[in-house]
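> Using the sequences provided together with the hints, build the complete structure.
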Amino acid sequence: MSMHVIPTPLRGLPWRVLIPLTALVLFGATVLWSAAGGHWSPYAWKHIFNFGLFLSLAIAISRLPERAFRQSAYPIYGGLVFLLMLVEAVGKVGGGSQRWLNIGFMNLQPSELMKPGIVLVMAVFYASLPPTLIRSWRALVPPLILLGVPAALVMLQPDLGTALAICFGAVVVVFLSGVPMWWFISGGAAAAVVAPLAFFFALHDYQRKRVLVFLDPEADMLGSGYHITQSKIAIGSGGFFGKGLGNGTQSHLKYLPEAHTDFAFATMAEEWGMIGGLFILFVFFVVLFRWGMGVARRAPDRFSQLLAAGMTATIFFYVAINMMMVMGLAPVVGIPLPFISHGGSSMMTNMICIGTIMAVDRWGKRAGSRLG
Amino acid sequence: MAKRKKAPKLITPAMLRDSFDRRSMVVGVLQGGVGLLLATRMGYIALAESQKYQMMAESNRVNLSLIPPRRGWILDRDGQPIASNRADFRVDLIPDRVIEKEKTLEELAKVLGLDEIALQDVRDRLDKARGFQPVEAGSHLSWEQFAAISVRQPDLPGVVPQRSFSRYYPSGPCVGHLVGYVGAANAKDYEKEHNPLLITPGFKIGKDGLEKVYDQTLRGQPGARRTEVTASGKIVRDLETREDVPGQPIKLTVHAGLQEYAARRIGVESGACVVIDCLTGDLLCFVSMPSFDPNSFTDGVGRLEWKMLSDDDHVPLRNKLLHGLYPPGSTVKPTVALAFLEAGLDPKASVNCSGGLRVGNRVFHCWQHHGHGSVDMAKGIYQSCDVYFYHFAQQIGMDQIARTMRKIGYGQKFPLPYPSQSYGTVPDPAWKMKKYGKEWAVYDTVNATIGQGYVQVNPLQQAIIASRLASGKLLMPRLMHEDKPAAPASLGVPQEHLDFIHSAMHEMVNGRGTGHAAKIPIPGVELAGKSGTAQVVGLNIGNGKGGLWRHRDHGHFICFAPFDKPRYACAVLVEHGGGSGAAMPIARDVMTYMFDQQKAWDALTKLEAGWGGTPQQRQATKYRAYAAEYGVSAPAVQDSDEALARESEADARPMPQPIQSDAAPPAPEPVADDTPAPAPSPSPGATTNPAASQHP
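Taken in order, these protein sequences are the chains called R and D. Take the first sequence: its letter number 117 is residue 117 in this note's numbering, and every next letter is one higher. To convert, count from 1 in the second sequence and add 1000; that's this note's numbering.
Treat each hint with caution, since some may be false.
Unchecked claim - Label pairs and their in silico Cβ distance ranges:
1. A1224/D / G188/R: 49 to 59 Å
2. S1139/D / P196/R: 49 to 59 Å
3. L13/R / D1021/D: 48 to 58 Å
FYI, nobody ran anything at the bench for these hints, they're computed from the structure. All C-beta atoms in this analysis are idealised placements derived from N, C-alpha and C, irrespective of residue type, glycine included.
Given below as structure tokens:
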């Protein structure tokens, strides 16, 4: 690539990720355009606007020095925990559960921000932990507390999907930090024991039902299994080439629930077919596997390594769970597909993750150029 | 692993970096694995199973609904509709799809303006219906109501508003027993015939009478409509529509105008009237009144109306034409006289009537207790002298009389398109021996010759008898119209015998007889007839004229006109009319209609003013009275289809006849033109207090 053509302020931007990402967002906009019955409003236009807005945020984040991340990690974490408790308190007062705080111009969902927040605080913790302690209890207990508090607060809302996303990001950071492998093996074994117990005692009725329906969607075709079945019908009837933009009957005739948010992938697959699905997978492969994990591996130090990998994992979790859900491989949990589904909160979270990885990328290049 | 064992305590940042590299590889591979899994899964759904899901998407999108075929019309002999269809906006409920029953009903009641009584009937029907069997919530909706329901449809699952055709019987109760009725198929019908058409909202099958017997002819082929629908059932657009093929019409021999006239002329009485074409055997009217209104059975009969029908002692649910059996009384006398002639009796042979005749050790009375003096055959018929028949019947014998009676039509079953009919008895010695194991006695003959005792007929047979006596032909009743009917065979009765009977019956109405009430008020058209009165209870209970309605005598009249060149024959029965005097004016007016419709209508209009209007109007009045008195407290209709079937079956069974060992007293004959006051139809709450009619 000829660097001379590109103006200086743009030269530092990671175009190899921004170009596929923009393509994905625009592709998502066509899906939302169709889901709105061939109109730019209310979804598609806002989708592009949100992307533009949060892209600026991401670029701003990417300009921050590593020091700023390290120093602000615990204050940000503490603030988010406070906001989560506030949400809980407001919900109690208002009678009924609530996930967001109204801050005038938008509804702020602290649990969304906690997804990158937990990765940040975990990365800081392990980076500052002396390497010799990595096999001691001090490498495990504080992170468990750091994770347990927000995870429990989000579960209380109750928002299983977000709680799982928070846990996933944190667990990936713990795993990559080099703690003993047997912790994970025994942790997995413990989860195998706890999961059935949690299923019967900790989950809400509607959540339990979703799991049961996931195991056998056809058993309840007109009830809760309806969502999964309709989504599979949309994807399956699209075939390889799809029905063509605007011709999706499942979405337009409202058989597909949440066609513009959680089931946007099914809406897309019906009209664009498998080709569209492969395109989305390819973009995520480029953005997450090639770029995100690549940045993490090339990162200059332990903190930035864990940070980039954790952020990549957080986005990956969204993508994997959402696509597994719409294809009937996971229970229905309210998790949107990044950059395709409509929704400002998820766009913000994902762009914060992207911005953070971009920051790590920049630090790595600097370190590399310094070395060079 | 090896490193860890060597130096378990010493961990350097380089080692952690190594570990990170390895573990991030693991994470990356897992992520790639998930990506591959997703791609594979998508390939499986979108490629391997695509066909299946395409079909499912199509069956989601496209709603195939059957359009109930328009039912074939039932036409009269001139092509006038007796049963037709009218365009209708209606609302049905599919019980399986209704989620909140009470809320749905409340909403419907609000839009349709249903009162408590109507709402109760809908609830009854909903409780009885199973699964996908549609239940009517309302019909004959206005366009505004229809639109209001259609708008609310997405919020009211199971509610199906639609445009359709509903069965319409222009003259309502006048044709109830002629055509039967239609109704929604019930679970039993669906078990018999697994046809999705049967559970299509708005589709009706024949439940009784001609509607049932000719159901397959009348039914037609359903149309189909493919529509694109949203998940909530809202129709987005029509894709394709195949029109229905209307059912074939059926054409009857009945004359719609006469049918309505005769039915209305019976008025508040319980009776039956048949008119037959003496040339062909065509049934020109086929009336049993009172009757249910088949229009109100179409949508399932309501509680109040059902109570109204069940309470009525005039049994509107019974087809008296086919299922009512009555002793014929004196109407049997022309036939018995014909038997005498066939046996060679000289019509001039006479007997002296002193008011009674000793048979064995008992005296059999003549209805005319003062006696008729010298009576020959003609006078025996026109004065209806019982002694004449007592005397000569003993000479001729029952076997000859029974033979002639059977030839004329007594005890005969006719091939008519109705599921069952009762056909009565012609008693003779062999029959009595077989049935009761008893010897025939002389008093049995004596009873039979005046139409009492074991002899029983239905009103249809009475009309056939009249037509055969009139024409001398072996006429068979025909209800289905044919363009070129086969000519009827001859009875084999000599014309002079017929002429003799005809002139005696003519004398009965126009001369020295007892039937002046039946004289047609049209110059040049003279009627010949014979009246009959059948006793219901013995003289020890009532005199047959007044008292309790159900104790009064049945009245018969059989006749034909013109007397010298018979064209039409008619039989009228009035149950508990207090004697033949109730039947004669009806027969007169009905026969007048055959020759001068205007004159007949004029007579009826005056009568109906006194009765409280047409049968529909009277039923409406009675319904209002019931609604005011019972409201929603009437008991639920169990199963109207079954109840109707039971009613028919009960009548089809032969009535148990007690062995008669005594003389049946002859029923009196009317002498002058006096007509007993018609018995008032019972009304709820009011006690019936019929005025005893006067008789000389």
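> Enumerate the violated hints, using their earlier numbering and listing them in ascending order.
As far as the earlier hints go, only 3 is violated by this structure.
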